[in-house]
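Peer 1: So the protein sequences, as listed, match chains A and B.
Mapped onto the working numbering, the consecutive letters of the first sequence carry residue numbers 1 to 333.
Mapped onto the working numbering, the consecutive letters of the second sequence carry residue numbers 1 to 333.
Hints are computed from structural coordinates only; laboratory data are not their basis.
Do not take every clue at face value.
Stated by the list, open to error - Some chain B residues flagged as far from chain A (calculated, every beta-carbon gap over 12 angstroms):
hint, residue
1, S78
2, A80
3, A83
4, G115
5, I132
6, C135
7, Q139
8, T145
9, V150
10, R205
11, R252
Claimed, not checked - Derived coverage of chain A by chain B (criterion: at least 3 residues anywhere in the stretch with Cβ under 8 angstroms from a Cβ of chain B; other residues may be distant):
hint, stretch
12, 38-44
13, 317-327
Bear in mind that the values here come from a model prediction, so they are computed numbers and not experimental data.
A virtual CB, placed ideally from N, CA and C, is assigned to each residue, including glycine.
Protein chains: 2
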Amino acid sequence: MNDIEKTAGSGDWVRAPSAPEIAVARSRLAGRVRHTPVIASGAVQDATGLSVFLKCEQFQQVGAFKARGAMNAVLSLSPAERACGVATHSSGNHGAALAWAARAAGIEATIVVPGGAVATKRAAIEHYGARIVDCGPSQHDREATLAEVVAATGACVIHPYDDARVIAGQATATIELLQSQPAIGRLLVPVGGGGLASGAVLASRWLNHKVEVIGVEPAGADDTRQSLAAGERVALERVNTVADGLRAQVGRATFPVLQAGLGNLLTVTDADILQAMRWAAESAKLVIEPSAATVLAVLLSGKVARRGAPMGAILSGGNVDFTGEVWNRIWRE
Amino acid sequence: MNDIEKTAGSGDWVRAPSAPEIAVARSRLAGRVRHTPVIASGAVQDATGLSVFLKCEQFQQVGAFKARGAMNAVLSLSPAERACGVATHSSGNHGAALAWAARAAGIEATIVVPGGAVATKRAAIEHYGARIVDCGPSQHDREATLAEVVAATGACVIHPYDDARVIAGQATATIELLQSQPAIGRLLVPVGGGGLASGAVLASRWLNHKVEVIGVEPAGADDTRQSLAAGERVALERVNTVADGLRAQVGRATFPVLQAGLGNLLTVTDADILQAMRWAAESAKLVIEPSAATVLAVLLSGKVARRGAPMGAILSGGNVDFTGEVWNRIWRE
């Protein structure tokens with residue numbers, strides 16, 4: 001679980017953003033993050049019979065939508081907060097995104113990186129100039145080390161998803177997609193902590209654009225599915241999925257938004273994800289990471305009705321380690 | 001050399017297309033090939049300081065621009081010609097494109113495939129339902145076997161580039177690009193046999209769109225550079241480049257167009273190409289084959305002046321064998 005709820009500094013922000021906060025995020029991020037392309041993939045259309053518009057966040061800064069939320073959070077800081085810098089714990093794209101956003105804004109970032117993090121993701125965090133503090137692999141290690149960082153520096157903690165500033169930033173991906181393709185009536189979004197998906201729900205509401213938001217979760221980390229069934233957040237004892245970006249537990253701020261606003265939630269297996277990633281590279285010529293491949297896996301599965309409104313799908317990121325285990329597994333299986 | 005000049009059936013077409021033939025190709029191909037996306041790559045902009053619009057022919061049918069010329073040629077056939085089918089020799093994208101176009105048009109295709117062809121490219125030709133005839137690896141073997149096919153079937157030979165129907169089809173890639181981005185004043189195009197590049201020259205002329213067309217050739221197959229210097233077509237004794245799509249000799253029909261219309265011709269080394277391919281996958285999240293990587297290699301080299309008109313670049317294809325030698329070499333070097 002990727003949970004830093006108890007850490008000082010982020011408490012007031014553990015909520016969904018208001019409509020004005022989304023409006024501010026949208027204007028503030030223009031020119032600060034990339035307005036990523038929307039592609040009507042012929043390969044997807046031919047393979048599925050579906051008209052699908054892909055929002056290509058693999059082309060975003062740092063290779064993932066996370067740049068949006070991190071940048072919005074950094075730009076929300078007061079001068080006093082800026083002076084103390086920002087911090088988070090992350091083994092993935094949020095760490096790189098926060099490092100990138102902080103550097104762009106000229107402030108300090110400290111990223112607590114747990115042991116066992118993928119080498120290329122650690123390298124990305126370093127590449128963007130953040131200070132890295134190593135810690136043990138457990139959730140407790142991460143929390144404790146981040147608390148030490150905050151105590152020493154007064155840094156402002158930016159949670160990867162349970163933060164109104166971050167959610168408002170992620171909402172801008174959906175705003176751009178729906179504004180460029182007003183006919184979209186169904187939208188597939190990967191669900192990990194729920195920042196991107198709750199942003200999608202809030203964005204469609206903000207735009208007054210009627211769209212069925214369909215979350216996609218790995219079967220081995222389906223806490224949101226279980227939580228929706230139970231009517232309250234369920235913590236899994238263990239998660240097991242190749243989609244490293246979707247292992248987090250759905251958040252306190254994001255869950256109620258998904259509960260009220262998700263039209264459906266589908267799950268895909270790791271085999272589906274790896275197959276979709278391979279298909280993306282070979283047939284659709286897209287570099288996407290496992291988390292993003294979940295939505296393609298749904299499209300390729302035939303689970304989506306061919307009749308109905310045109311679809312949107314958010315490809316959440318493209319950070320693949322081409323010399324790593326996951327990529328090699330794709331071509332062996 | 002990929003030269004089937006002497007083979008019966010294509011003689012009348014060894015010329016540049018007329019303006020009306022380009023107009024016909026454009027209307028005829030609408031809805032038959034994909035209108036591929038044009039991407040303003042933030043990664044390219046950040047890495048080079050250049051504003052570049054990428055015409056993404058890796059997203060084209062069969063994964064390469066070759067679908068355009070092949071489809072236009074097939075749609076140009078008379079009923080009598082259709083009845084006899086089409087034939088060519090090819091170890092690469094043209095073979096797959098002709099197979100695909102023939103199947104779409106409901107006619108027979110025979111592709112003469114030389115020994116030593118890449119397994120995935122041979123598999124693609126098979127996948128699109130063409131009849132494959134194997135032959136030895138030499139140019140003589142290819143010619144002789146194709147002549148036998150033509151003698152036996154009366155098939156119409158569709159040359160990969162020295163054919164007005166094919167050149168007119170390839171021109172539509174540039175037409176789409178320039179019409180979508182009228183500000184483009186410089187255009188990078190890979191040069192092999194010259195079909196795509198001469199199509200670019202003719203397209204800009206046809207649109208009356210002033211653009212400097214800059215050809216890009218691998219240093220190990222720089223016959224066009226040598227031919228331009230000599231004022232006549234020069235045949236290389238041997239070619240040596242990783243860009244398997246650019247090994248052909250510039251054509252009899254394409255060379256005069258390039259001679260009159262190319263603004264510049266640049267060469268890149270195999271090391272540049274492999275580095276660009278790696279950068280494309282890791283940083284720009286693009287799947288492109290070595291031939292397409294040549295234009296990115298030029299952009300990344302700093303050889304292009306930052307000041308000047310916005311640039312276009314045609315990414316010619318994305319057919320990569322992810323389990324093959326070239327892909328593996330990229331990550332070793």
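Peer 1: Find the hints from earlier in the document that the structure breaks and name them by number, from lowest to highest.
Peer 2: none
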